[in-house]
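Heads up, the sequence shown is in my numbering, so the first residue is 1 and it goes up one at a time.
I should point out that these hints are in silico values taken from the structure, not numbers from a laboratory.
Computed spacing ranges between beta-carbons, pair by pair: (1) Gly50 to Ile13: 20 to 30 Å; (2) Asn20 to Thr85: 43 to 53 Å; (3) Glu3 to Glu43: 20 to 30 Å.
Using N, Cα and C, we set each Cβ at its ideal position, and we do this for glycine too.
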Amino acid sequence: GIEANPDKCQAIIDMRSPSNLKEVQKLVGRLTALSRFLPCMVETSKPILGLLKKANRFQWTAECEASFQHFKERLSTSPVLAKPTPV
Numbered sequence: 001g002i003e004a005n006p007d008k009c010q011a012i013i014d015m016r017s018p019s020n021l022k023e024v025q026k027l028v029g030r031l032t033a034l035s036r037f038l039p040c041m042v043e044t045s046k047p048i049l050g051l052l053k054k055a056n057r058f059q060w061t062a063e064c065e066a067s068f069q070h071f072k073e074r075l076s077t078s079p080v081l082a083k084p085t086p087v
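Construct all of the structure, not just a fragment, from the sequences and the given hints.
Given below as structure tokens:
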């Protein structure tokens, strides 16, 4: 199967919670690079993506933190894409 780049996964795992818009943009870029290994990425990252809207003032909420921790947890288990098994 295809394995996610461990360095890219580790970069997200080692990140601290974003404290400004630039850090959120960096996080979203890193998540996007690994999106094929993260099922339901768009749905799970909605609280974080909402921070990118110009109308919103930056506020890292508990919902954002939960989403961030979810991604860290998923990436800590070396995601792998495998060919589907024919039935």
